[in-house]
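*Asks:* Keeping their order, the protein sequence lines are chains A and B.
The opening position of the first sequence corresponds to residue 206 in this note's numbering, with each subsequent residue numbered one higher.
The opening position of the second sequence corresponds to residue 38 in this note's numbering, with each subsequent residue numbered one higher.
A hint or two may mislead.
[What the hints assert, rightly or not] Okay, derived cross-link-like pairs now, DSBU-like style, lysine-lysine, Cα gap no bigger than 30 angstroms in a straight line:
1) Lys136(B) - Lys281(B)
2) Lys64(B) - Lys313(A)
3) Lys421(A) - Lys445(A)
4) Lys400(B) - Lys313(A)
5) Lys397(A) - Lys64(B)
6) Lys136(B) - Lys421(A)
7) Lys477(A) - Lys606(A)
8) Lys250(B) - Lys397(A)
9) Lys401(B) - Lys445(A)
10) Lys313(A) - Lys401(B)
11) Lys579(A) - Lys547(A)
12) Lys250(B) - Lys281(B)
13) Lys64(B) - Lys421(A)
14) Lys595(A) - Lys507(A)
15) Lys507(A) - Lys579(A)
16) Lys306(B) - Lys595(A)
17) Lys551(A) - Lys561(A)
[Claimed, not checked] Anything over 12 angstroms on all C-beta distances counts as not near chain A; from chain B, calculated:
18) Gln42
19) Lys243
20) Val414
Calculated directly from the structure, the hints in this document are not laboratory data.
Cβ atoms here follow ideal geometry from the backbone N, Cα and C, with glycine treated the same way.
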Amino acid sequence: MAAALPLLTLRHVDVPPNFEAWRTLAREALMRGDAPETIDFRDATVAAPQSLISTSSELRVVPTERKAYVSALFLEKARVVAAHRDPQRWNLLFRLLYRLQSNRNLLKIEVDADVSAMLRMEQQVRRDIHKMHAFVRFRSMMDQHGEHMIAWYNPEHRILELAAPFFAERFAVMRWSIFTPDASVAWDPLVKQLQFGPGAGRESAPAEDEMEELWKTYYSGIFNPARLNPSVMRSHMPVKYWGQLPEVALIPTLIQSAGERVNEMVQLQTSKPSAAPFVPERHSLPALREAMPGCRGCDLYKCATQVVPGAGGAHAPLMLVGEQPGDQEDLEGKPFVGPAGKLLRKALEEIHVTSKEVFMTNAVKHFKFTQRGKRRMHQSPRMSEITACKPWLLAEIDAVKPKLIVCLGASAAKSLLGGTFALMRDRGKVLSTPFAEHVMATVHPSAVLRAPDHAMREQLFHHLRDDLASALQFVRRAA
Amino acid sequence: MLSIQDKLHILSYAAKYDASCASSGAKRSSNGKGIGHSDGAGICHSYTPDGRCISLLKLLLTNYCTYDCVFCVNRVSSDIRRARLTPEEVVSLTLNFYKRNYIEGLFLSSGIIQSPDYTMEQLVRVARLLRTVHHFGGYIHIKAIPGASQLLLHEAGLYADRLSANIELPTQQDLVQLAPEKKSNVIEATMAEIHMRMQETEDGRKRLQSTPKFAPAGQSTQMVVGATPATDRDIIYRASTLYKSYQLRRVYYTGFSPFPEADARLPLKPSPMMREHRLYQADWLMRFYGFEANEIVADDDLNLDLDTDPKMSWARRNPHLFPVDVNAAPREMLLRVPGIGCGNVERILRIRRYHQLSAADLKKLHVRWRDAAQFIVATDHMPLEVASLRAEVSTAMQMSLFQQAAVSALTGVL
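Assemble the whole structure, with the sequences as input and the hints as a guide.
*Replies:* Put into structure tokens, the structure is as follows:
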């Protein structure tokens, strides 16, 4: 027969889920002289298993002389740990409190098993609070008192009381409520006090909010498909928090389409429209004229009647570069034969330029237009089309080798002087570029034609003529 | 006419190439008149599938831009859709998002329209509306437009928590090639102006507490990495100079990634994410671990090792300084041990006053044991082969010398 062991009486104490309740019970236990092995603090919210060990739950207070020691640091951490859902937290806290009586530095030894367990729980609760501050999403509702912002949220631990003051400070002037399964909290800017209440289900918050579409638009816009990294996203925003986030609905599509979007970007970058493959190696004017009709460097050839190569003195010292052929140029296949061309020729006559002295061409060699009824309306070429056509222009420059190039209008200037060239500020100045030693820009003759009144037209025409005159002077002096 | 949704899409799409989304570093209590506060820690309200956090509403006021920076999606010569939000629209989006707890605040930047001053004035207007009309207490980060006037920068700093002028590329040479309108001396002059104003305000606050704060979360900058041949050494030295000259809070490094309508001069492949990661590690070593730029990149190396973290590489180059006794070594030396982070250094210093640390204790603190073991001494631990470690390192050095010799034999360059 086995010897009868002295029966260890385990005292069970049921603790309601709040820190102050445990604090009172723990203080009493400490006063009674209970040791951690003789007492079991049970989580009152968890059904207790039937125990075979005899239990006594009557509380008799044995007055002792001892005064309980507790540090501010312990209280601060214990308050946080109390919100943890682990049913063993009360026993852990009591064990620490008990050991703290004989070792006041205990909490500093972070590698101690009990201390590190507490620190881990504290960290988990703090993270949960932080995530609640991040992932609560309010939805707006109007009632007789005006706007009411309502959120439903399901935290991992019982943190509502710890998390709520943050919202009270941040949204002090707003009427808001947060519901969780365990408890709820409301704030009224007139009362200025957190009102805690019972828990509620998801349906306690409105089902949608008008801003959510915009928020999703923002979410998908700010995502960079070239840096896809869903596992990092999940580690910061674990799936358990996804329940009330409107934006997560987009995640599968964004991930799925990312690869394709990047491929498209790279393809676009490599297959930039360019005339380069169509430009012959030998840059003589007849060779260029022969090759030009076959150009498929961009899509403009599809609608235009024909390509319009440059024309004029084969070794002219002055090269004029316009924007693109117009309606008439497109039909005749020659540059500057329409109304703007006539105006240009008038200006050239006034300053007595000989036909051998000038070569005229365009930055873009095909006519770009939109059809309006029977009329074809001029449309400005895009930067990509100007860039695509540039090899032709450079080849013509190489063939003619002018002393000075005059860009007529902003499009031509963009092609040779860069996208930021300011025409009206820098017109008439002789600049040097990598493509040609001397380049100048002036107004386009069609800008003269489009001027709103007579005075303006006069002024712009004088700009054009005077700039051309100084260009002519420049090349004659150079020769 | 674009809808607000279209504009938001275009202008957030265009803003994503600014890496910063930090909302930390400035405390702002609730003012009782408007929504918003900041407890100084910063909060990430969501994460996108690229793993980046959304803390702020990051927007461009407009993506029209007169500049032609090759590496930028918004450059004037790119065929993208353009849009412009009015200051009032930005204010309304910010407040509506903030009220629903989507964001910590606003990060507003812009393409350069008309002139630096005009652009800056638009940005300041948004911040002014938020702070003075709506009493917004959330976080505001405003881009400082290089070359904007002193007066505008000063006003911006009164409303913003953080200002940032982007250095864009690591070297002046890179800028000449890829961002012809940007000059590093103009960018740095703007940084210097912000820095000077911050110091003035600090001095002022010492004398008069009610002196209004100026950009309390400091200034930061960003550079694109991998778009030019600049080496890690160039980048780290550059960052080190910026930290020292202007006391920047952060330098952000963005690995170049392909974007729509990119220029053909740019690389077609993204810069490896690992390179960006190693640069951030190096950056952390300078800011929190007491390393100097010249210690991080070895004299004969131009780039960081992609396979080894820079702290480990440094330790291997300096075997004579190890092993380090975790129970006795000073903080500066503990900070240099691979596998021990700066948080753990503080923990070790706290604990060892009461308790001598063993190997098991260190593992409990989540010290990366695999890396640290060979460099430290604990109560029950001694690196197994301190001597063999030294041998290994010297062979490694010989190997690298040998490789160099092989390379120079091939290229004829010494």
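*Asks:* Taking 12 angstroms as the cut and beta carbons as the points, is glutamine 42(B) off the interface with chain A?
*Replies:* 5 angstroms, violated
*Asks:* Is it true that the CA of lysine 136(B) sits at most 30 angstroms from the CA of lysine 421(A)?
*Replies:* The hint holds at about 16 angstroms.
*Asks:* If we take the beta carbon of valine 414(B), is the closest beta carbon in chain A still more than 12 angstroms away?
*Replies:* Check passes; 17 angstroms lies beyond 12 angstroms.
*Asks:* Could you grab the alpha-carbon distance between lysine 64(B) and lysine 313(A) and see if it respects the 30 angstroms cut-off?
*Replies:* Judged against 30 angstroms, a Cα distance of about 29 angstroms means the pair holds.
*Asks:* Hint check: lysine 401(B) vs lysine 445(A), CA-CA at most 30 angstroms. Holds or violated?
*Replies:* It holds: about 27 angstroms lies between the C-alpha atoms, which stays within 30 angstroms.
*Asks:* If you draw a straight line from the CA of lysine 421(A) to the CA of lysine 445(A), is it 30 angstroms or shorter?
*Replies:* 20 angstroms, holds
*Asks:* Hinted pair, alpha-carbon criterion (30 angstroms max): lysine 579(A), lysine 547(A). Please report holds or violated.
*Replies:* 23 angstroms, holds
*Asks:* Assess, step by step, whether the Cα of lysine 551(A) is no farther than 30 angstroms from the Cα of lysine 561(A), and give holds or violated.
*Replies:* 16 angstroms, holds
*Asks:* Regarding the pair lysine 397(A) and lysine 64(B), is the alpha-carbon distance no greater than 30 angstroms?
*Replies:* 22 angstroms, holds
*Asks:* Checking one constraint from the list: CA of lysine 250(B) to CA of lysine 281(B), max 30 angstroms. Satisfied?
*Replies:* Roughly 22 angstroms separates the two Cα atoms, so the pair holds.
*Asks:* Would the pair lysine 477(A) and lysine 606(A) pass a check requiring their Cα atoms to be no farther apart than 30 angstroms?
*Replies:* 28 angstroms, holds
*Asks:* Sort out whether lysine 507(A) lies within 30 angstroms of lysine 595(A), counting only the CA atoms.
*Replies:* It holds: about 18 angstroms lies between the C-alpha atoms, which stays within 30 angstroms.
Going through the hint list in order, the structure does not satisfy hints 1 and 18.
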